[in-house]
Amino acid sequence: MKDITLGQYYPVDSPIHRLDPRVKIIAAFLLIVLAFIAGTFIGYAAIALFLCGITLISKIPFSSLFQGMKSIYFLLLFTFVLNVFFFTGGEVLVHWWIFTITSQGLVRAVFMALRLLLLVTAATMLTLTTSPIALTDGIEKLLSPLQKIGFPAHEIAMMMTIALRFIPTLMEETDKIMKAQSARGAVFDRGGLWQRAKAIIPLLIPLFVSAFRRAEELAQAMEARCYHGGKGRTRLKVLKLGGADAVAVIVLLLFTGMILVDKILLTQLFPLLAGGV
Amino acid sequence: MSIIIKNLCYTYGTGSLFEVAALLDVNLEINDGEYVGLIGHTGSGKSTLAQHLNGLLRPSSGEIMVEGIDLTNKKADLMAVRQRVGLVFQYPEYQLFEETIYKDIAFGPKNLKLPEAEIKERVYEAMTLVGLDHSLAERSPFELSGGQKRRAAIAGVLSMRPKTLVLDEPIAGLDPQGKKEILTLIDQYHEQYGATIVIISHNMDDIAKVADRVVVMNKGTKAMDGTPKEIFSRHDELLGMGLGLPQMAEVVRELNKRGKNVPTDIITQDQLFAYIQTHRAV
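Those sequence lines, one after another, are chains C and G. Under my numbering, the final residue of the first sequence carries the number 300; numbering is consecutive throughout. Under my numbering, the final residue of the second sequence carries the number 362; numbering is consecutive throughout.
By construction, these hints were calculated from the structure, which means they are not laboratory data. Don't take every hint at face value.
To be verified - Taking lysine to aspartate or glutamate pairs in the DMTMM-like style, the calculated list, with each CA pair at most 25 Å apart, reads:
no., chain 1, residue 1, chain 2, residue 2
1, G, K155, C, D212
2, G, K243, G, E99
3, C, K221, G, D255
4, C, K202, G, D105
5, G, K289, G, D255
6, G, K243, G, E205
7, C, K93, G, E99
8, G, K183, C, E246
9, C, K82, G, E99
10, G, K193, C, D212
To be verified - Residues on chain C that point at chain G, a partial pick, calculated with CB under 7 Å:
no., residue
11, M201
12, K202
13, I228
14, P229
15, S233
All C-beta atoms in this analysis are idealised placements derived from N, C-alpha and C, irrespective of residue type, glycine included.
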């Protein structure tokens with residue numbers, strides 16, 4: 024439970040860490056979109072290499088990255104299996120009972136799995152290199168133009184900051200409640216699905232009550248310090264774009280160009296590489 | 081013998097970046113019916129040790145026998161241990177979850193798979209023990225006052241009729257009246273059932289009054305073990321560990337600094353008063 028790398032900041036000083044969070048957020052989005060656009064094995068390989076490059080520059084050990092991937096292992100497997108068996112096209116490779124594996128099905132399954140992997144990696148890289156506060160600052164800044172049409176960018180960013188800040192607190196609380204109920208004979212790790220679902224109630228209810236209680240206390244504390252929402256609110260650290268950010272943006276644009284070229288040209292020229300997807 | 085602990089070591093997060101040795105070579109024996117006060121600074125290992133007593137944590141190394149059950153054995157019957165050793169956590173009122181007080185107190189016995197009739201008997205018995213009026217049985221736990229909630233939570237552990245009751249800061253955050261009530265009910269359980277009690281507390285005065293034995297934890301090891309009089313007379317050692325002293329022990333300390341030579345095994349108000357009375361006319 025305590026090993027959720029997806030979302031955990033890895034505090035180290037690197038050129039990537041020092042980039043403006045807005046650039047990193049847009050980069051992550053861009054990479055995810057590219058992962059879904061790239062139509063060829065070369066495209067996926069390029070994106071994977073790009074991410075590896077970023078990992079190296081960010082001085083984050085690959086083991087941290089793999090921790091994040093472990094958590095979606097089941098989802099990856101599920102996606103792969105679903106696509107392999109139920110997407111048909113091209114030549115039939117294996118046929119058994121109602122299950123058929125075709126060449127196109129296999130390729131598609133691999134592509135789907137790759138996309139998921141790249142998506143998770145890009146997202147994980149974002150959170151590993153950007154502190155939660157920087158992240159929400161970045162999101163708030165990016166969304167602030169929308170405030171003109173009434174979108175509560177500041178409030179949303181505040182909600183995210185608070186949620187992130189309370190994750191460790193609530194995890195500790197969960198641990199404590201689990202222990203308290205275990206001490207009274209509750210069992211959480213045995214039994215069928217239904218039994219386990221029922222066993223969670225003595226855990227969820229106190230947790231919910233506790234969360235509401237904390238929310239109320241926090242609201243009062245914030246009000247007592249004159250918090251009144253985003254209007255007229257200033258910050259101590261103002262986000263400013265720098266030279267490194269410009270470099271990053273240029274690199275990203277070039278890379279995007281490459282991927283698009285690869286997709287358009289190679290898909291036309293070498294349909295095999297595209298796997299017909 | 082209730083609890084036998086030998087060379088117990090426990091490390092949190094073994095192998096990770098956050099590895100912390102919480103308990104180092106702890107040796108402890110607690111006999112049936114003893115009333116033990118477990119004190120120590122924050123991080124000294126008190127709560128970690130307490131969680132070993134009912135199998136919530138298993139030792140990294142060493143031996144621990146609770147009511148005849150060997151907790152180093154992977155196949156140890158945890159349900160049996162948790163029935164014999166009841167553990168009340170700090171601010172236990174935050175674990176209440178059922179629709180009614182009755183159901184919440186019945187949670188423990190239900191997990192023990194006891195028959196309905198027996199459960200009913202135990203729930204009402206527990207409510208009487210903690211001083212909750214039976215009319216409250218059908219109310220929602222969230223409707224009760226803080227003090228009542230705490231008592232309901234304690235009742236939830238007492239309904240399992242543990243032979244050993246371990247309480248982590250049972251009187252934290254209570255007013256003097258509330259403190260008195262809780263300590264009285266613990267005492268009652270001790271007397272009525274001959275139960276073994278282990279209280280973790282920061283409050284030296286209360287420990288000095290109720291415990292027959294004090295165990296002091298310091299940085300993961302057992303630093304001192306003896307009667308309250310023996311332990312609390314060692315002023316300098318206790319202060320050196322970052323612990324406080326019972327108020328009367330502080331008064332004695334100040335008196336002795338001014339050359340009064342008061343015996344340091346005086347730790348309660350009554351004892352000091354008696355001493356002053358007999359040594360007054362000098």
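Here is what the structure says about each hint:
{"no.": "1", "hint": "G:K155 x C:D212", "verdict": "holds (15 Å)"}
{"no.": "2", "hint": "G:K243 x G:E99", "verdict": "violated (34 Å)"}
{"no.": "3", "hint": "C:K221 x G:D255", "verdict": "violated (37 Å)"}
{"no.": "4", "hint": "C:K202 x G:D105", "verdict": "holds (24 Å)"}
{"no.": "5", "hint": "G:K289 x G:D255", "verdict": "holds (17 Å)"}
{"no.": "6", "hint": "G:K243 x G:E205", "verdict": "holds (16 Å)"}
{"no.": "7", "hint": "C:K93 x G:E99", "verdict": "holds (22 Å)"}
{"no.": "8", "hint": "G:K183 x C:E246", "verdict": "violated (38 Å)"}
{"no.": "9", "hint": "C:K82 x G:E99", "verdict": "holds (23 Å)"}
{"no.": "10", "hint": "G:K193 x C:D212", "verdict": "holds (18 Å)"}
{"no.": "11", "hint": "M201", "verdict": "violated (9 Å)"}
{"no.": "12", "hint": "K202", "verdict": "holds (5 Å)"}
{"no.": "13", "hint": "I228", "verdict": "holds (4 Å)"}
{"no.": "14", "hint": "P229", "verdict": "holds (5 Å)"}
{"no.": "15", "hint": "S233", "verdict": "holds (6 Å)"}
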